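Asks: What follows is each chain in one-letter form.
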Amino acid sequence: MSEKHSHVEEHRDDEASKLGMWLFIFTELLLFGGLFLVYSIFRSEYHEAFHKSSLELSVTIGAINTIALLFSSMTIAMALTAMQKNNKKLALLMIGITLFMAVIFLVNKYFEWGHKFEMGLYPGSPLMPLLDRGYLLYFSLYFFMTGLHALHIIIGMILLFICLFKVKNGTINNKRYSLLENGALYWHLVDLIWIFLFPLMYLIS
Amino acid sequence: MANNVSHITEYRVLGKVLLVLMLMTFLTITVTSLDLGALSVTIALLIAGFKAFMVLSYFMHLKHESLLLRILVGFVFVLFALIVLITFIDYAYR
Amino acid sequence: MTTETEKIKYVSYLDHEGKYNGIFAWIFATDHKRIALLYLYAIAAFFFVGVILGELMRIELSAQGETIMNAQTYNGVFTVHGVIMIFMVVIPGLSAVFGNFFLPILIGAKDVSFPKLNRLSWWIFMVGSVMAVASQFLRSGPPDTGWTFYAPYSTTTGTSVILATSAAFVLGFSSILTGLNFIVTIHRLRAPGMGFFNMPLFPWAIYATAWIQLLATPIVGITLVMLIAERLFGIGFFDPNLGGDPLLYQHLFWIYSHPAVYVMILPAMGVISEIIPTFCQRKIYGYKAIALSSLAIAGVGFLVWGHHMYTSGMSEQARWFFSLLTFIVAVPSAIKVFNWLATMYKGSIDIKPPFLYAVSFIFLFIIGGTTGLLLGSVATNIQVHDTAFVVAHFHYIIFGGMGFAFFAALHYWFPKIWGRMYDFKQATIGWAILFVGFNILYFPQFIIGFQGMPRRYFDYLPQFHTAQVISSIGGLILAIGLIVMVVTLVKGARKGAPAPANPWGGSTLEWQIPSPPSVENFDEEPIIKKNPYDYQ
Numbered sequence: 165m166s167e168k169h170s171h172v173e174e175h176r177d178d179e180a181s182k183l184g185m186w187l188f189i190f191t192e193l194l195l196f197g198g199l200f201l202v203y204s205i206f207r208s209e210y211h212e213a214f215h216k217s218s219l220e221l222s223v224t225i226g227a228i229n230t231i232a233l234l235f236s237s238m239t240i241a242m243a244l245t246a247m248q249k250n251n252k253k254l255a256l257l258m259i260g261i262t263l264f265m266a267v268i269f270l271v272n273k274y275f276e277w278g279h280k281f282e283m284g285l286y287p288g289s290p291l292m293p294l295l296d297r298g299y300l301l302y303f304s305l306y307f308f309m310t311g312l313h314a315l316h317i318i319i320g321m322i323l324l325f326i327c328l329f330k331v332k333n334g335t336i337n338n339k340r341y342s343l344l345e346n347g348a349l350y351w352h353l354v355d356l357i358w359i360f361l362f363p364l365m366y367l368i369s
Numbered sequence: 002m003a004n005n006v007s008h009i010t011e012y013r014v015l016g017k018v019l020l021v022l023m024l025m026t027f028l029t030i031t032v033t034s035l036d037l038g039a040l041s042v043t044i045a046l047l048i049a050g051f052k053a054f055m056v057l058s059y060f061m062h063l064k065h066e067s068l069l070l071r072i073l074v075g076f077v078f079v080l081f082a083l084i085v086l087i088t089f090i091d092y093a094y095r
Numbered sequence: 166m167t168t169e170t171e172k173i174k175y176v177s178y179l180d181h182e183g184k185y186n187g188i189f190a191w192i193f194a195t196d197h198k199r200i201a202l203l204y205l206y207a208i209a210a211f212f213f214v215g216v217i218l219g220e221l222m223r224i225e226l227s228a229q230g231e232t233i234m235n236a237q238t239y240n241g242v243f244t245v246h247g248v249i250m251i252f253m254v255v256i257p258g259l260s261a262v263f264g265n266f267f268l269p270i271l272i273g274a275k276d277v278s279f280p281k282l283n284r285l286s287w288w289i290f291m292v293g294s295v296m297a298v299a300s301q302f303l304r305s306g307p308p309d310t311g312w313t314f315y316a317p318y319s320t321t322t323g324t325s326v327i328l329a330t331s332a333a334f335v336l337g338f339s340s341i342l343t344g345l346n347f348i349v350t351i352h353r354l355r356a357p358g359m360g361f362f363n364m365p366l367f368p369w370a371i372y373a374t375a376w377i378q379l380l381a382t383p384i385v386g387i388t389l390v391m392l393i394a395e396r397l398f399g400i401g402f403f404d405p406n407l408g409g410d411p412l413l414y415q416h417l418f419w420i421y422s423h424p425a426v427y428v429m430i431l432p433a434m435g436v437i438s439e440i441i442p443t444f445c446q447r448k449i450y451g452y453k454a455i456a457l458s459s460l461a462i463a464g465v466g467f468l469v470w471g472h473h474m475y476t477s478g479m480s481e482q483a484r485w486f487f488s489l490l491t492f493i494v495a496v497p498s499a500i501k502v503f504n505w506l507a508t509m510y511k512g513s514i515d516i517k518p519p520f521l522y523a524v525s526f527i528f529l530f531i532i533g534g535t536t537g538l539l540l541g542s543v544a545t546n547i548q549v550h551d552t553a554f555v556v557a558h559f560h561y562i563i564f565g566g567m568g569f570a571f572f573a574a575l576h577y578w579f580p581k582i583w584g585r586m587y588d589f590k591q592a593t594i595g596w597a598i599l600f601v602g603f604n605i606l607y608f609p610q611f612i613i614g615f616q617g618m619p620r621r622y623f624d625y626l627p628q629f630h631t632a633q634v635i636s637s638i639g640g641l642i643l644a645i646g647l648i649v650m651v652v653t654l655v656k657g658a659r660k661g662a663p664a665p666a667n668p669w670g671g672s673t674l675e676w677q678i679p680s681p682p683s684v685e686n687f688d689e690e691p692i693i694k695k696n697p698y699d700y701q
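Residue numbers (our numbering), protein chains in the order written: chain A, 165 to 369; chain B, 2 to 95; chain C, 166 to 701.
Read the hints as simulated data drawn from the structure, not as lab findings.
This list has only true hints and no planted wrong ones.
PhoX-like, lysine-lysine: derived pairs with alpha carbons at most 25 Å apart: (1) C:K453 x C:K695; (2) A:K182 x C:K281; (3) C:K275 x C:K184; (4) A:K339 x B:K64; (5) C:K511 x C:K695; (6) C:K448 x C:K694; (7) B:K17 x A:K252; (8) C:K275 x C:K694; (9) A:K182 x A:K252; (10) A:K182 x A:K249; (11) C:K453 x C:K694; (12) A:K280 x A:K216; (13) A:K339 x C:K281; (14) A:K182 x C:K275; (15) C:K275 x C:K695; (16) A:K339 x A:K253; (17) A:K332 x A:K253; (18) C:K590 x C:K660; (19) A:K249 x A:K330; (20) A:K182 x B:K64; (21) B:K64 x A:K249; (22) B:K64 x B:K17; (23) C:K694 x C:K511; (24) C:K174 x C:K275; (25) A:K253 x B:K17; (26) C:K174 x C:K184; (27) B:K17 x A:K249; (28) C:K281 x A:K330; (29) C:K517 x C:K660; (30) A:K339 x A:K249.
Residues from chain A that keep clear of chain B, each with C-beta distances beyond 12 Å, as calculated: (31) P293; (32) L328; (33) F329.
Just so you know, these numbers come straight off a predicted model, no measurement behind them.
All C-beta atoms in this analysis are idealised placements derived from N, C-alpha and C, irrespective of residue type, glycine included.
Next comes chain A alone, as it looks inside the complex:
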C-alpha cells in the first residue's frame, strides 16, 4: 500500500484512525451498556424505591449539566469546522469553551456528590446498608454510573487539552486534523452517555 522507500513518517491513514476511534467508542457504549442493563433490571424490580430515591437529586443541576454538555458538544464540533476552514483562533476558542463547559459539569458534580456525602450517602458508608434494598441499589448505581461517566469526562478533557496544545503549535492544522476529529468524537460519546443517564437518574416520575 505505501511506498517501499518511505518506511516511517508519512504512512498516514486518517480513515483508519477514525474507524479505530469509532470502534473504541463501541466498546465504551457497551461498557456503559452493562450498567444500563443492571439499572433497568433493578428499576423494574424496585420501581417505587427508585422513584422515591430520585427525588433526592436536583433536576435543576442535572438540567444545567445536560445543557452544559450539549453546548460543549456543539462547541467542539465547531472547533473541528474552524480547523477545517483553517481558522486557528476560532478553533482554539471553541476548544477552550468546551473545556470550560466540562469544568462547569465537574464542579456541579462535586457539589451534588458533596451534598450526598454530607447526608451520609456514599459507597461504603455506614448509612447505606441500613437503607431499604431498592434505595441502596439506586444510590449505588447513581454513584457508580455518574462516577464512571465523570471519569470519562476527565479522560475526554485530557484528550482535548492535548488537542488544544497541538492546535496552538500547528501540529493540528487544516491539512491534518485527525487527532482533533477523533478527540471530538470521544467528547460526543461522553455527551451521548449523559443524554441517557440524565432522564434515567433524574427524571423518574
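Position chains B and C against the provided structure of chain A, taking the given hints into account.
Replies: Same frame as chain A, now just chains B and C:
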C-alpha cells in the same frame, strides 16, 4: 491517506442542532414532571434516543460518513437492545 | 515497483536490526511478526503452568479422599487452572499469535494498521498476566471461586478475588485493542485487488473473532468492576442478602463468556480451513458459506448465553429461548464441518503432521460439538449440569478443538515462522501419543459425568474410581505427547533443515514470500489471485 475534505459541517447547522437538542431536553423535563405512569419512561427514552440520533448524525458527522460506518453503529445499538430484551425474558417471567 | 538495481536486500525479520538492541529489539518491537512470537513464548509458558495444574488435579483425583491436597487447595488449583487457561492461553492464543503473524501477510499488507497499539496490547497482556500470577501468592490465598467467579461466594470469600478479577480486566483490555487493530487492518490494508471475498478464510475467521473481542469484552469488564465494588463497598448488586440478584451476575458474566468461546474456536476453524485445502491440493468447498458462517456464529453467539444457566432459576421462557438459539448456532458450525469433509473427498491428500492435527481437530470437535447439543437441550442438561460431563465437553471443544488447531497451526506455519523444517516422523509420533492420551483422559469423564460425578469436587464415590484412574493415565500419556511435540519443534527450530518458501504447495500469500519473511513481508508486489485457493 490524508484527510478527505469532502464535507464540512457549517456553524449554523451545528447551532440549529443545539437548539433542537435543548428543546428536546426541556420537553423531556416537562413530560416527566407530569404523572403519566409508565408512559413517561417510554417518552423520555424515545426523546433521548432522538437526541442521540441528532448527536450521532450531525455532531459526530455520521450523516456524511460511509454506509459501512452507519451500519456498524446501528448494529451496535441493535445488539445492545437485543441483550437487554433477552435478559428481560428471564426477569419478566420469573 | 523495484527494478533489478533497486532490489531490496532480504533480511529475515528474526535478524533485522533496528533502533533497539538485544532484548529491547523484541519487547519494543512493533513488527507484527515479532509481537506474535512474544505472545507465543508467553502463552506457551502459561499453557505449561496450566498443564501442570491440570496434572496435579489428575493426581488428586486418582484416588479417593485427600491424595495430595485438601479441598481448599483443590478449589484454588482448579480456579487458577481455569483463569490461566481461559484468559491467558485460549482466548488470546490463536488471534494474538497466528492472527498477528499471518493476518497482514495473508491480505498482502506490511503490518497491522496500528503497530504501536499492537505492541501496547502485548505489554498490557503481560501486565495482566503478572497480576493473575501474583494473585496466587497473596497471603489471602489464590481465588477459590472457579474461573467463573460466581456471586455471592465471590463477593464474600476471603481469597484474592480482587486481584484476580483486576487481572482479568486488564487482560480484557489487551483483547479489545487487538480486536480493534485487526478490524481496521482488514478494512484498510487489504492489497489492491483483494476484496473481502478474495481473502483467504483465516482472515475471515479473525475478522469475526475481532468483532466479538471488541463488543463482548467490555461487558465482562464492567461486570468484574461491579464485583470488585461489591466486595469493597457492600453494594448489593449480586448478594441476595443485600437485595441483589446472583443470577444477574451470571447473566452479565455469560453475556461475555459465551461469545468468548467463539473467540476461541473461530480462529481455530480458520486455521483448519487453511490447512485442509493445502493438503488436499483442492479449492475449499463452499468458500462463501464458510466465510459467512464465521459471521453467523459470531452474531448468533451473542444470544445464547443462558444455556449456562438452565438450572440457576431462570424463567421457563428464558430457558426455552436460549435452548432454541443454541441449536440454531450449531448450524453454521456444522456447515463448516461438512465443507471441510467435502473438500477432502477425492482430493489429493498428503498426510503430513499439519493435516493429522487438522483431521483430529474435526473428530474431536464433532464430539465436543454434539455433546454441546446434549447440554443445550434443557431436559438433558438437568442431568449433566455441573458434572464431569460438562468438563469433558468443554475440554473436547477447547482443547481438542482450539488446542489441536493451535498445534496444527504451529506445524503448518512452522517453516514460515522459523525458516526451518522439523522431523515429520517425530512430529507424527507426538501427535499420535497426544491424540490417544487426550481421548483416554477425557472420554471417561463423559461417562461418569452422566452417572453423577460432580465437577470441581476433589473427592468422589467409589463407583467412579476406575474411570478416574483411567483418566489420570490418559493425562500422563497426554503429557508425554506434549513433551514429544515440543521437543520435536524446538529441535526443528534450532537445527532443522532450511525451509523453502513453499514446503506444502500452499496457494495463499504467505507461501509466496521467503521463509522466514523479511521485515516488511513483501519485498516485491504480491500477486493477488481472485480465488485464494488456486492449485494447479
